[in-house]
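Protein chains in written order, with my numbering: chain R, 1 to 421; chain E, 1001 to 1501; chain A, 2001 to 2147; chain P, 3001 to 3366.
Misleading hints may appear alongside valid ones.
Listed next, the in silico DSS-like pairs over lysine-lysine satisfying Cα-Cα at most 30 Å (straight line) [as the list claims (entries may be wrong)]:
id, chain 1, residue 1, chain 2, residue 2
1, R, K184, A, K2082
2, R, K93, R, K140
3, A, K2002, E, K1041
4, R, K408, A, K2130
5, P, K3313, E, K1304
6, A, K2002, R, K53
7, R, K93, R, K35
8, A, K2081, A, K2002
9, A, K2079, R, K53
Everything labelled a hint here was simulated from the structure, so no lab data went into it.
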Amino acid sequence: MKYIIIGASAAGLACAEQIRKEDKNGEITVITKEKYLPYSRPSISYFLKGAVKESGIYLRKSSYYEASGIDIVTGTQVRSIDRKAKTVKAGRKTYSYDKLCLCTGSKPFIPPMENVSGKINALTFLDLESAGIIKKTADKKTRAVVIGGGLIGMKAAEGLSKICRSVDVVELSPRILPSILDEKSAKSVKKYIEEKGHIKFHLGQTVTRAGSEGNRITSVTLKDGKELPCDLLILAVGVRPETELAEKAGLEVNRGIVTDPGTMQTSDENIYAAGDCAVSVDMLDGSRRVIALWPNAVNQGIAAGSQMSGGDIRITSSYPVNAIDFYGLRICTCGLINVQDKKYTDKIIRSGSSYKRLIFEGSRLVGYVLINSSANAGIYTSLIETKTDLKTLEGDLSGTPDPFIFGKAERNKRMKGALDL
Amino acid sequence: MSVNYIPRRFTVIRDRELCINCGCCVRQCSNECHYFSDDGKTVLSQSDACVACHRCVDLCPTRALRIEKYVCDYRENANWTPQYQQEICRQAETGGVLLSGMGTPKPYPVYWDKILLNASQVTNPSIDPLREPMEIRTILGRKPEKLTVEKKGKSTVEMPPQVILETPIMFSAMSFGSISLNAQKSLAMAAKELGTLFNVGEGGLHPDLKPFTDRAVVQVASGRFGVHSDYLNNSKYVEIKIGQGAKPGIGGHLPGEKVSVEVSNARMIPEGSDAISPAPHHDIYSIEDLRQLIWAIKQATGNKKPVSVKIAAVHNIAAIVSGCARAGADIVAIDGFRGGTGAAPVRIRDNVGIPIELALASSDQRLRDEGIRSQISLVAAGSFRCSADIVKAIALGADACYCASAPLIAMGCHMCQTCNTGKCNWGIATQRPELTKRLNPEIMYKRVVNLITAWNHEIKEIMGGMGINSIDSLRGNRLMLRGIGLSEKELEILGIRHAGE
Amino acid sequence: MKRIYAIEELCLNCRLCEVYCKSAHSQSKDIIKANKYEEPAPVSRVTVYGDNFLSAALNCRHCDDPKCVKACITGAMTKDKKTGIVYVNEDKCIGCMTCLAVCPYGCIKEGKKAVKCDLCRNDDEPACVKNCPNHALIYAEPGGEEK
Amino acid sequence: MLKEGQIRIPSGCAIAAIIDRKGGLINGSEIIKSIALMHDRSNGLGGGFAAYGIYPEHKDEYAFHIFYENAQAHQNCEEFLFKHFNIDVAERIPTKTVDSISNGPDIWRYFGRVNRVRMKNSRLDESEYVVQCVTKVNAAFEGAYIFSSGKNMGCFKAVGYPEDVGEFYMLDRYDAYLWTAHGRFPTNTPGWWGGAHPFNILDWSIVHNGEISSYDTNRRYIEQFGYKCTMQTDTEVITYLFDHLIRHHGLPVNVAADVLTAPEWDEIDRMEPGHKEYFTNLRAIYSGALVNGPFSVILGSNKGLLAINDRLKLRSLTAATKGSRAYFASEESAIRIICPDPDKVWSVSGAEPVFVPLEIDEREDD
């Protein structure tokens, strides 16, 4: 059996490793346009702020791939897929496959802005290469502007604030981290970050035009006409699933490659898709959307890899779960957060610097936002994933969740395992 | 304005250098002597309620705690000692009988410590316990006067039921209610492994002890708690409790708070009601009534097991023992005045009863004078602190020894003598679930097994030194004992010669 | 593989397991320095919940298919192929705590890096099991065999 | 100095015995020769013999051998004896002066039958009557000591080496079908001839070598049944144990031997159920009669000879057979000197008694 995997990040590596586990001698080739061996994409902000050396960012030791018989082809762009001939054209070579998996991830979404494209100091912040360039070009005198106050934008801003003179963040929505924080929590996080990172926020704004000298941007002008000096512009508005190859090959695509939610199989039985490029079904509200998070990508990679190599692992539950920290302020979020529907109720517990918001649907937990109170967050996550009816629990959920919120039988299972003592 | 007339007895000393404020002592002291400061960072202690049970001392991970006697001197007065003065103050406050646990701490002479053991030199050789089998197997029960033999190897004797012990040491009566179920379970498991018996006491049998009934001595006391045919029949032998060494002549009182639902089921009494075992058996007012009860029990158990009678060592003990034997008791247990108790009035515990050594010696001699010693078994009880005490008791004439305090100490007891409060920090003399779980039978029974195994080895070593390889030849062998610092009269009662003779 | 099982019926809430876990995972391996002076203060991997009436020491299950390893964005969380022990490779961990957010048993502690039980893999017996006074923590195969 | 009986004197010893199963007579000189060889096992402070079948002409009468320390004791004892028995012969036991044996008591022997009338109103059977009379004299009559009271048998003992005692009593003039002999090594002078072995009651005689560590347990067991251990010696208590088990409890001799040297528990546990129950009951009933500590004992009686060793075989005892004769001795050399080529020689093993019955019907009424 010949397996080809396009893309070598979370989903790609997980898929390759799962195939190797189930098919000891199948031929596995992973093709990536990046020139690096698989590395931890979310860690590039830690790399930017020097918290981890470049050698520490790689997911596996370089000798690992040869040892496990996974052939990584780096720096090679896949140009097209021939579904009938079951071949793939990449660089100057043609690779044939029995099973193919698309793990192309996501690509930055760049809103229309005047005089921005083609500028050498206007960069996205999605891969190690751009992080490397930023780290080289930015210095004590650099005044940086980040477009986008979401997860990527804020992490970039945090990284830059360690090495640049000033950082301005321009965010379309009236609050930072709109996808994971609500009104009240966003306000307190913004205050904290402003104190710790001397970052200036411009909310409800977009960049309309950039001033430049030659191919370098020198300033940006916001919607309200305000002008900001700018030596470095980071485009972190958002991402879109990378589905170009799939569309060209005629696979069904609807804001992400459409796949069978359990087996990750695309509309072509020999082609699978996993990670940020594929559509997931959120088990909590049934919505079909891209859940661009690391754990989800790994699970889908494993499912696809297993299905491709005759295994039977399926995706049973996908939901967003995320842990992130800014200057030591820990934020954990999971499930449905920005919900408007009446059927959802929530409960907020605030004490000192810690903030906890639990979102319920009837007597089921469907989401949480924890700021500086992430102890044992995983227990909340398991309550969400297992759709546990909270009425069956004994303890209440406001404090730090511990085993005693469960009944005796569940506690026995969790702590005594198979021992029948 | 309440005046505290009674100074505290102990002070808990905390070595600040070693203390890591982990709070283990705070959570372990049921008398709440330790507590956290407001910021929850430093542990403080207040020793008024300390009973020196050493729970905090032993569990402290950095050995930062020790207990010290709180010296608060009164004017020197050999007659009016501080203890008497304080006891008067306590009664002036409560108006009640002073209660306490375990055996009397008063410095009456301990005869064990005044008796020395013989050893073989020159004229007769020691027996090497490493080469020869040392036998400590003990058989309790009524023996017929003689063996009737058809021919060698074939006896026609009608043998009454016997109880075989692999060691002369049994665990004395401690009822479910005065001690925790876990403590009883540990003793039961230890008894099973050691091939000996544990005494259920007068608290009835808890269902969890069903697997151990072939190792259980069940008691029939004046309260008849938990006595029914199952109880009698599922046992090794039945013991009628007439008296207890720590409180001769009076009954027992288990306060209602200790009568949990389980205790009430085992004792067949309403939950929460005080369990009073009356002073006399209200159906035994004379010796012939005792005979009637003994025969009733034998009938109820189809004559398949011996019946024992346990009496407290009091004056005229020899006559009472002989009377019990003649009333049909197969085993007579004598409980000396130092025997322990879950709760007993201090005055009685400290003043009533006589030492087991003298009671045993005179009873054994009286039974021999009447020629019936070899027909019944004599069990001694009332504080054996080490294997030498056991050897001396057997040499004085005991068949077997009841031990209770020693195994309890092996399980963690530190003789703080406050069992009656039911707040035992070691999970022994308490029914409170958060305290009883501190005594894990799986761990504690091994400690008891180790203790008795060690004593067995020591007994064998001592016997070997005496040139004896079977405990049958140590029993009643008064020649093996010598007295020191004893009066002529004491030597005469003990039936032993003075050292040097 | 042998794992640590907690028996709540025997747990005494004395929390010595936490004290000894801190010492075992401290620089000095000295119980007083570890629990009192060492900076950064070592973190106990095991945590006792509950009170004197009902308590239990919660510890990592070293799952066969660990969610934390799958969720780890840097490959720091690894399950040792031979011993099955799930441990944190400190060099790679960036302290993002995604593992903490997915561990269904709540056994990962917050710190500069993720803090979790490694079954005292370079000692013969986990410190918490060795020092539990009431045998409430058992280091055994799933079937219960301890030795 | 305290006399034996007031204190317990530990001692080592030599023992020897010869028996002719068919009742063939053996001259005294042979047994003397055998015990003499073991001269170094004793220290001259005690020696003695028991001889069976030496008074054929008086075989239905009791033969009393008595020591008198003074005339007064002689007179009181004879007065008691003539009252309770019909004595028809009273004479000094012929002795020869031997310089190593000096200032001994006056030694008399009497032959007589039981006074029927007195026995009837004592409501005792004949044996019990005789035992009570002997015990009365030895306990109450100061200076008088009956050291032999069997039928057609007699003990001869004194303070001295056994071969000298044999010469003193001129035993070469006696012929018996069963001889036992004893040489003693007490730690200090017994101070009195009565303490020497063999020890006798009725026609039981015991010679014993060793020191039983269970002495006080055995003594306090046997004293429950009317016996008085006046001599405080092992032989005395062993004799009373045998007497009690055989006469009072009617046990056969080898069962009585089983009681004294009962097998060990781990051996009993391995036995088949029937035997196991038998020995468990035996040890339960007679735990006080178990004899512990090293010993080898030879028990003579009109029924035969019993030789037993302690359970752990810590004391030597050799046995041999030649035709109708059986020989026993502490050392094999003491057998070979009088029987150079025995048919069979073996060492008596621990707790396995050897009983050599006499096949002559000596007594009708037994």
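Hints versus structure:
1. Note on R/K184 and A/K2082: the hinted pairing is violated, with a Cα-Cα distance of about 48 Å set against a maximum of 30 Å.
2. Between the alpha carbons of R/K93 and R/K140 the distance comes to roughly 45 Å, so the proposed pair goes past 30 Å and is violated.
3. Annotation: proposed proximity of A/K2002 to E/K1041 is violated, straight-line Cα distance about 36 Å (limit 30 Å).
4. Note on R/K408 and A/K2130: the hinted pairing holds, with a Cα-Cα distance of about 26 Å set against a maximum of 30 Å.
5. About 38 Å separates the Cα atoms of P/K3313 and E/K1304, which puts this hinted pair outside 30 Å; it is violated.
6. For the proposed pair A/K2002 and R/K53, the alpha carbon gap of about 35 Å is over 30 Å, so the pair is violated.
7. Note on R/K93 and R/K35: the hinted pairing holds, with a Cα-Cα distance of about 17 Å set against a maximum of 30 Å.
8. For the suggested pair A/K2081 and A/K2002, the alpha carbons sit about 14 Å apart, so the restraint of at most 30 Å is met.
9. Distance hint between A/K2079 and R/K53 is fulfilled; the C-alpha atoms sit about 23 Å from each other, no more than 30 Å.
Figure legend: structure checked against the earlier numbered hints; hints not met, in rising order: 1, 2, 3, 5 and 6.
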